[in-house]
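S.K.: If you're matching them up, the sequences are chains E and D in order.
Quick note: the first sequence, position 171, residue 171 per the numbering used here, numbers continuous.
Quick note: the second sequence, position 4, residue 4 per the numbering used here, numbers continuous.
I should point out that these hints are in silico values taken from the structure, not numbers from a laboratory.
Ideal placement from N, C-alpha and C gives every residue a C-beta, glycine not left out.
Be careful, since some hints might not be right.
What the hints assert, rightly or not - Straight-line alpha carbon distances no greater than 25 Å define the calculated DSS-like cross-link-like pairs of lysine-lysine that follow:
| # | chain 1 | residue 1 | chain 2 | residue 2 |
| --- | --- | --- | --- | --- |
| 1 | E | LYS336 | E | LYS142 |
| 2 | E | LYS146 | D | LYS19 |
| 3 | E | LYS405 | E | LYS351 |
| 4 | D | LYS19 | E | LYS142 |
| 5 | E | LYS351 | D | LYS19 |
| 6 | E | LYS397 | E | LYS51 |
| 7 | E | LYS146 | E | LYS73 |
| 8 | E | LYS146 | E | LYS49 |
| 9 | E | LYS164 | E | LYS51 |
| 10 | E | LYS441 | D | LYS19 |
| 11 | E | LYS146 | E | LYS397 |
| 12 | E | LYS315 | D | LYS93 |
| 13 | E | LYS142 | E | LYS397 |
| 14 | E | LYS378 | E | LYS336 |
| 15 | E | LYS397 | E | LYS49 |
| 16 | E | LYS336 | E | LYS351 |
| 17 | E | LYS351 | E | LYS397 |
| 18 | E | LYS315 | D | LYS40 |
As the list claims (entries may be wrong) - Residues of chain E clear of chain D, computed beta-carbon distances all greater than 10 Å:
| # | residue |
| --- | --- |
| 19 | ILE21 |
| 20 | ALA126 |
| 21 | GLY137 |
| 22 | THR165 |
| 23 | ARG261 |
| 24 | GLY309 |
| 25 | THR313 |
| 26 | ASP322 |
| 27 | ALA327 |
| 28 | ALA346 |
| 29 | LEU367 |
| 30 | ARG389 |
| 31 | ALA398 |
| 32 | SER413 |
| 33 | THR422 |
| 34 | ALA433 |
Claimed, not checked - Just a sample of chain D residues kept apart from chain E, beta carbon distances all over 10 Å, derived:
| # | residue |
| --- | --- |
| 35 | PRO107 |
| 36 | ASP109 |
| 37 | HIS110 |
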Amino acid sequence: MKWVRIGNGCGFWGDNIDAPIRLAEEGRLDYLTLEYLAELTMSILAVQKAKDPAAGFASDFLDVLSRLAPVLKDQPHLKIVTNAGGMNPSGCAARAREILDQEGTHHRVAVVSGDDLMPRLDDLVAGGHGLNHLDTGEPIAKIRDKVVSANAYLGAKPIVDALKTGAGIVITGRVADASLTVGPAAFEFGWGFGEADLDRLAAATVAGHLIECGAQVTGGLWMDADYSTRLGAVGYPVAEIAEDGTFTITKPPGTGGAVNRETVSEQLLYEVEDPARYYTPDVVADFTSAQLRETGPDVVSVSGGSANGVTDTYKVSVAYRDGYTAAGTLLIFGPKAAEKARRSGAIILEKLRQAGVWFAESYTEALGAGDCVPGVMKSAAEPAEVVLRVAVRDPRKAAVERFAKEFAPLVTSGFAGTTGYTTGRPPVREVFAYWPALIAKAAVYPRVEVA
Amino acid sequence: MATTRVPLSVIAHGRSGDKGNHSNIAVLAYTDAGFVWLRKHLTAEVVAAYFAPLDPSNVERFEAANVRGLNFMLYDALAGGASRSLRSDTQGKTLALALLQMAIDVPADHTAMLRNLTPRPPSL
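Construct all of the structure, not just a fragment, from the sequences and the given hints.
M.R.: See the structure below:
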């Protein structure tokens with residue numbers, strides 16, 4: 001039976017920058033996928049693009065590509081599929097093209113776009129696409145004037161079309177994370193997107209879901225990881241998918257981490273609601289139908305992933321401006337540290353109130369005393385020290401900036417044992433809130449171009 | 001039947017994360033016997049009571065028997081979620097570990113629910 005080996009070297013923007021290179025060198029891959037876009041990354045990229053029309057993509061990818069260029073020369077058949085394009089996939093592709101030309105590698109670069117609904121937002125709403133909030137049902141009119149980005153999660157089909165152009169590198173905007181894996185599998189095996197292929201698409205979706213967060217399936221976050229797990233040398237995941245949709249999850253030999261029933265089971269349900277209905281643009285996958293077996297050292301075989309239908313909608317991720325936030329920390333040491341920390345937080349807010357400054361929301365934590373899961377975890381012994389963390393959010397930037405100036409004074413005017421003010425005033429950042437919605441697939445037009 | 005009090009982590013592992021302002025907590029039994037116990041005793045009501053201080057609007061339980069798993073959705077439990085929450089743990093990543101520290105009363109002889117360490121192939 002025919003197989004395709006797909007490795008994921010990046011689980012989010014900020015992931016280890018050496019992992020893609022190591023995985024490409026050691027993974028004997030057919031495809032390297034790189035995933036950069038969290039739910040709200042697009043809003044940050046939209047703001048960057050508004051300032052600079054050439055920006056708005058995951059710039060880390062260009063550094064990674066420069067370092068991958070020699071690997072691509074050694075392995076001319078290795079292909080890369082990434083959503084690094086963000087809000088500007090063609091801009092990203094143009095820069096990628098320059099890098100590849102400089103390095104003398106001749107991979108064709110293709111671009112998948114059409115996910116960006118922002119230019120059409122008012123037309124879509126006027127045309128009856130309400131983009132109501134998926135949970136609350138509220139109409140998007142409520143936040144329309146504050147929207148900074150609106151992107152449909154495209155599926156694997158445009159990725160297949162991009163690969164059909166002969167592209168060795170596919171750069172997309174927003175696509176479903178699992179589709180970065182489903183696309184190459186569907187292309188290699190000639191799967192369609194109709195009823196006949198839904199079970200295979202579902203199986204590949206399970207594979208894509210398992211590897212999309214990088215090392216989270218190879219020992220990262222594993223509940224039973226210990227020193228012997230060698231997370232310092234953790235290997236990134238490889239899915240070896242067969243033509244019938246069965247697959248194995250593994251990692252390059254000699255790397256740290258672990259692939260076993262536990263690591264794979266934990267990741268299977270990660271960020272899942274109903275495991276019998278995992279919605280993607282390609283298929284509704286039934287994760288409860290996947291059967292896991294340990295078939296070798298760091299090899300888990302998965303069979304039986306099946307479909308639970310397919311929807312006629314894409315998920316849309318809308319981001320809108322929602323005020324400003326800042327969070328500062330101080331260290332409080334000594335007897336009654338937690339009590340003193342909470343009191344110190346109250347003092348900061350009290351002084352600000354005296355200055356006529358208040359906030360839409362404020363929050364104080366004594367970290368080290370169980371406040372990370374507030375009210376649920378109670379620490380038995382009194383901690384020797386805690387980290388005081390105070391965070392605020394407000395529509396007025398000036399109020400949040402004023403808050404950022406109220407931390408340092410506690411070093412001299414607070415309780416004995418107050419220290420740790422070395423990093424300066426906490427930065428003030430804009431809040432982008434998340435508005436999930438659905439849109440009819442017929443109203444979205446995925447595009448494929450060669451850069 | 002005589003029971004003994006142990007942390008949930010003795011019979012299960014897990015992982016948690018976010019979906020907007022909602023958190024999912026997967027609890028995975030180490031053995032079939034442990035899964036039978038979890039299904040009967042680790043109800044949505046029990047989990048809702050444990051996490052009551054987080055004030056979820058609703059707690060729902062889903063099953064994934066293929067991985068001996070129960071998946072709990074804690075709706076509106078993240079104080080705004082990744083973007084807006086003022087908490088350190090905006091995404092509920094710690095909630096699985098918090099739940100696994102819950103004290104449970106299992107049969108005094110619960111050997112069949114314990115993690116079996118012997119048959120796993122060694123890591124390379």
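S.K.: For each hint, tell me whether it holds in the structure or not.
M.R.: Hints versus structure:
| no. | hint | result |
| --- | --- | --- |
| 1 | LYS336(E) / LYS142(E) | violated, 46 Å |
| 2 | LYS146(E) / LYS19(D) | holds, 22 Å |
| 3 | LYS405(E) / LYS351(E) | holds, 11 Å |
| 4 | LYS19(D) / LYS142(E) | holds, 22 Å |
| 5 | LYS351(E) / LYS19(D) | violated, 36 Å |
| 6 | LYS397(E) / LYS51(E) | holds, 19 Å |
| 7 | LYS146(E) / LYS73(E) | violated, 46 Å |
| 8 | LYS146(E) / LYS49(E) | holds, 16 Å |
| 9 | LYS164(E) / LYS51(E) | violated, 35 Å |
| 10 | LYS441(E) / LYS19(D) | holds, 22 Å |
| 11 | LYS146(E) / LYS397(E) | holds, 15 Å |
| 12 | LYS315(E) / LYS93(D) | holds, 24 Å |
| 13 | LYS142(E) / LYS397(E) | holds, 22 Å |
| 14 | LYS378(E) / LYS336(E) | holds, 15 Å |
| 15 | LYS397(E) / LYS49(E) | holds, 22 Å |
| 16 | LYS336(E) / LYS351(E) | holds, 22 Å |
| 17 | LYS351(E) / LYS397(E) | holds, 18 Å |
| 18 | LYS315(E) / LYS40(D) | violated, 35 Å |
| 19 | ILE21 | holds, 21 Å |
| 20 | ALA126 | holds, 27 Å |
| 21 | GLY137 | holds, 14 Å |
| 22 | THR165 | holds, 35 Å |
| 23 | ARG261 | violated, 8 Å |
| 24 | GLY309 | holds, 17 Å |
| 25 | THR313 | holds, 17 Å |
| 26 | ASP322 | violated, 6 Å |
| 27 | ALA327 | violated, 7 Å |
| 28 | ALA346 | holds, 15 Å |
| 29 | LEU367 | violated, 6 Å |
| 30 | ARG389 | violated, 6 Å |
| 31 | ALA398 | holds, 19 Å |
| 32 | SER413 | holds, 24 Å |
| 33 | THR422 | holds, 19 Å |
| 34 | ALA433 | violated, 5 Å |
| 35 | PRO107 | holds, 23 Å |
| 36 | ASP109 | holds, 23 Å |
| 37 | HIS110 | holds, 18 Å |
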